[in-house]
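2 protein chains.
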Amino acid sequence: MEKWFTEKHSDTINFSILVTKTLYSSQTKFQKLEVFENPELGKFFTLDDYVMITEKDEFIYHDMIVHVPMAVHPKAENILVIGAGDGGTVRELCRYQGVKHIDMVEIDEEVVTVCKQYFPNSTSGLYDPRVSLFFMDGLAFVRERKNTYDLIIVDSTDPFSVGEGLFTRSFYKDCFEALKEDGILVNQHESPFYAHYQKNMLRAHQRIKETFPIAEVYQAFIPTYASGHWLFGFASKKYDPIKDADFKRWNALGLKTKYYNPQLHVGSFALPNYVKTLLNKE
Amino acid sequence: MEKWFTEKHSDTINFSILVTKTLYSSQTKFQKLEVFENPELGKFFTLDDYVMITEKDEFIYHDMIVHVPMAVHPKAENILVIGAGDGGTVRELCRYQGVKHIDMVEIDEEVVTVCKQYFPNSTSGLYDPRVSLFFMDGLAFVRERKNTYDLIIVDSTDPFSVGEGLFTRSFYKDCFEALKEDGILVNQHESPFYAHYQKNMLRAHQRIKETFPIAEVYQAFIPTYASGHWLFGFASKKYDPIKDADFKRWNALGLKTKYYNPQLHVGSFALPNYVKTLLNKE
Numbered sequence: 001m002e003k004w005f006t007e008k009h010s011d012t013i014n015f016s017i018l019v020t021k022t023l024y025s026s027q028t029k030f031q032k033l034e035v036f037e038n039p040e041l042g043k044f045f046t047l048d049d050y051v052m053i054t055e056k057d058e059f060i061y062h063d064m065i066v067h068v069p070m071a072v073h074p075k076a077e078n079i080l081v082i083g084a085g086d087g088g089t090v091r092e093l094c095r096y097q098g099v100k101h102i103d104m105v106e107i108d109e110e111v112v113t114v115c116k117q118y119f120p121n122s123t124s125g126l127y128d129p130r131v132s133l134f135f136m137d138g139l140a141f142v143r144e145r146k147n148t149y150d151l152i153i154v155d156s157t158d159p160f161s162v163g164e165g166l167f168t169r170s171f172y173k174d175c176f177e178a179l180k181e182d183g184i185l186v187n188q189h190e191s192p193f194y195a196h197y198q199k200n201m202l203r204a205h206q207r208i209k210e211t212f213p214i215a216e217v218y219q220a221f222i223p224t225y226a227s228g229h230w231l232f233g234f235a236s237k238k239y240d241p242i243k244d245a246d247f248k249r250w251n252a253l254g255l256k257t258k259y260y261n262p263q264l265h266v267g268s269f270a271l272p273n274y275v276k277t278l279l280n281k282e
Numbered sequence: 001m002e003k004w005f006t007e008k009h010s011d012t013i014n015f016s017i018l019v020t021k022t023l024y025s026s027q028t029k030f031q032k033l034e035v036f037e038n039p040e041l042g043k044f045f046t047l048d049d050y051v052m053i054t055e056k057d058e059f060i061y062h063d064m065i066v067h068v069p070m071a072v073h074p075k076a077e078n079i080l081v082i083g084a085g086d087g088g089t090v091r092e093l094c095r096y097q098g099v100k101h102i103d104m105v106e107i108d109e110e111v112v113t114v115c116k117q118y119f120p121n122s123t124s125g126l127y128d129p130r131v132s133l134f135f136m137d138g139l140a141f142v143r144e145r146k147n148t149y150d151l152i153i154v155d156s157t158d159p160f161s162v163g164e165g166l167f168t169r170s171f172y173k174d175c176f177e178a179l180k181e182d183g184i185l186v187n188q189h190e191s192p193f194y195a196h197y198q199k200n201m202l203r204a205h206q207r208i209k210e211t212f213p214i215a216e217v218y219q220a221f222i223p224t225y226a227s228g229h230w231l232f233g234f235a236s237k238k239y240d241p242i243k244d245a246d247f248k249r250w251n252a253l254g255l256k257t258k259y260y261n262p263q264l265h266v267g268s269f270a271l272p273n274y275v276k277t278l279l280n281k282e
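Residue numbers (this note's numbering), protein chains in the order written: chain A, 1 to 282; chain B, 1 to 282.
Careful, some of the hints might be misleading.
Put simply, identical chains are the same to the list, so a pair is met inside one copy or across any two.
[Claimed, not checked] Taking lysine to any residue and the SDA-like style, the derived pairs with C-alpha atoms no more than 25 Å apart in a straight line are: (1) Lys-173 with Tyr-118; (2) Lys-256 with Thr-277; (3) Lys-56 with Arg-203; (4) Lys-3 with Thr-28.
Don't read these hints as lab results, they were simulated from the structure.
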């Protein structure tokens with residue numbers, strides 16, 4: 001009998017992936033964690049029945065959550081990553097020689113252990129000597145840091161599960177204080193399309209907007225996330241995501257990317273009218 | 001028992017929509033045609049088990065297939081639309097007072113009849129006196145026209161069913177000849193992500209590139225199409241889709257759009273590296 005993994009994109013819309021092999025299945029201390037294989041997507045892992053990464057398209061999410069702020073901040077040396085147990089965000093950050101230190105705070109150690117086993121590509125950066133791994137609650141971690149980071153990346157699960165506390169006002173305020181005076185925060189921002197996601201996206205954006213003087217939104221095509229239209233929040237104390245992007249500097253680094261490029265960086269902030277209306281309405 | 005409509009995004013990936021009502025179901029002379037209802041997407045119709053439009057997101061596809069070329073061509077008066085039985089493309093074109101005449105050629109009359117009944121919004125333009133409807137094969141129609149149109153929009157079904165002939169070399173050559181010396185062709189171009197779609201997209205693009213001196217590709221977020229990352233081909237004898245876009249003129253028209261805007265027009269041509277690599281590889 002065929003086995004299918006199904007993610008509910010909404011109450012009445014299902015996205016189903018044929019599972020040719022189940023590689024891992026466990027109830028961790030925090031969530032249900034499974035690793036599957038599919039002929040088109042390669043290996044993929046899920047938390048509480050939501051797709052986190054697939055081998056085929058993880059590069060899109062990780063390119064966009066990392067290279068956009070890195071092309072803007074003139075000297076991102078000290079970075080905090082919250083969540084991101086699959087390692088892809090840290091892998092991309094480690095490609096920058098200018099990065100001196102990365103704190104990565106993941107609440108669920110089992111996610112990292114399992115990803116190291118099944119996703120050697122995405123976890124490759126976790127062995128970098130510049131990376132310190134903390135297995136604890138990101139909320140508590142960030143609360144204790146003041147004026148420390150150039151960049152904070154919130155690479156959380158969806159706000160309807162373990163990631164919930166990461167979408168609150170006090171958390172974004174703590175991030176603001178943990179950032180230096182020219183710091184940038186990037187937040188995975190959910191999607192604008194299906195009603196349930198839209199609600200979470202607007203809530204996150206509103207709270208970030210209340211906290212940071214600059215709060216913009218950009219987008220990427222992520223086929224295995226609900227609706228394929230995924231948003232990121234770019235919040236900052238000082239830098240504008242387009243005017244302050246230094247593509248000459250970024251190009252000079254010679255990084256090869258499969259999704260990101262400077263023209264697309266600019267284009268990713270060109271939102272559809274219906275999304276702009278939603279964001280202004282708030 | 002619940003009823004679900006399922007579209008195969010690939011052999012091993014299914015997209016399923018809960019059907020709360022089946023409004024129409026028929027085997028037309030050409031294809032299987034069904035109209036369903038879903039709480040999140042509203043009414044939607046399918047041909048041979050592929051979603052054509054949903055009330056919730058049809059505006060995205062129709063904005064992008066129409067307003068992009070209309071912002072570029074300085075005087076699009078005589079237009080040919082091939083396929084497009086749901087009427088949405090013609091509806092958007094009819095908002096331009098400068099448009100003098102639209103020939104719409106749809107092979108399957110039953111699609112138009114059924115859409116008029118169930119999708120009064122998308123079919124509203126079909127009653128415009130500037131529109132001539134032809135129920136025949138678009139290939140035969142375009143073959144007979146020379147130096148006639150300012151703009152041809154190929155709004156076809158997927159190339160694996162009735163739309164197949166619309167993805168051939170000789171068809172694009174006939175379109176070239178049916179266009180005036182500064183004519184533009186826009187082609188629904190499928191998607192770059194899943195292997196099967198990618199193959200069709202590359203084939204269409206390659207054939208258009210062989211025929212037209214200018215052949216670019218742009219993209220839109222269409223959640224109910226496979227992968228959500230949809231491409232359009234912009235082919236032209238003379239006009240560049242960005243350099244020749246006249247946003248001052250377009251803005252002066254005062255058209256309200258839910259997806260399209262000039263900034264997004266430019267951004268939609270900023271393709272991810274992996275898509276650019278695919279297109280150049282050919």
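Against the structure, the hints:
Within a single copy, Lys-173 and Tyr-118 get their C-alpha atoms no closer than 35 Å, and across copies no closer than 49 Å, so neither meets the 25 Å cut-off. In this assembly of identical chains, Lys-256 and Thr-277 lie within 25 Å of each other by CA distance solely across copies; the values are 12 Å between and 35 Å within a copy. In this homomeric assembly, Lys-56 and Arg-203 come within 25 Å of each other (Cα to Cα) only across copies, at 22 Å, whereas the closest approach inside a single copy is 30 Å. Within a single copy, Lys-3 and Thr-28 get their C-alpha atoms as close as 22 Å, which meets the 25 Å cut-off; across copies the closest is 34 Å, which misses it.
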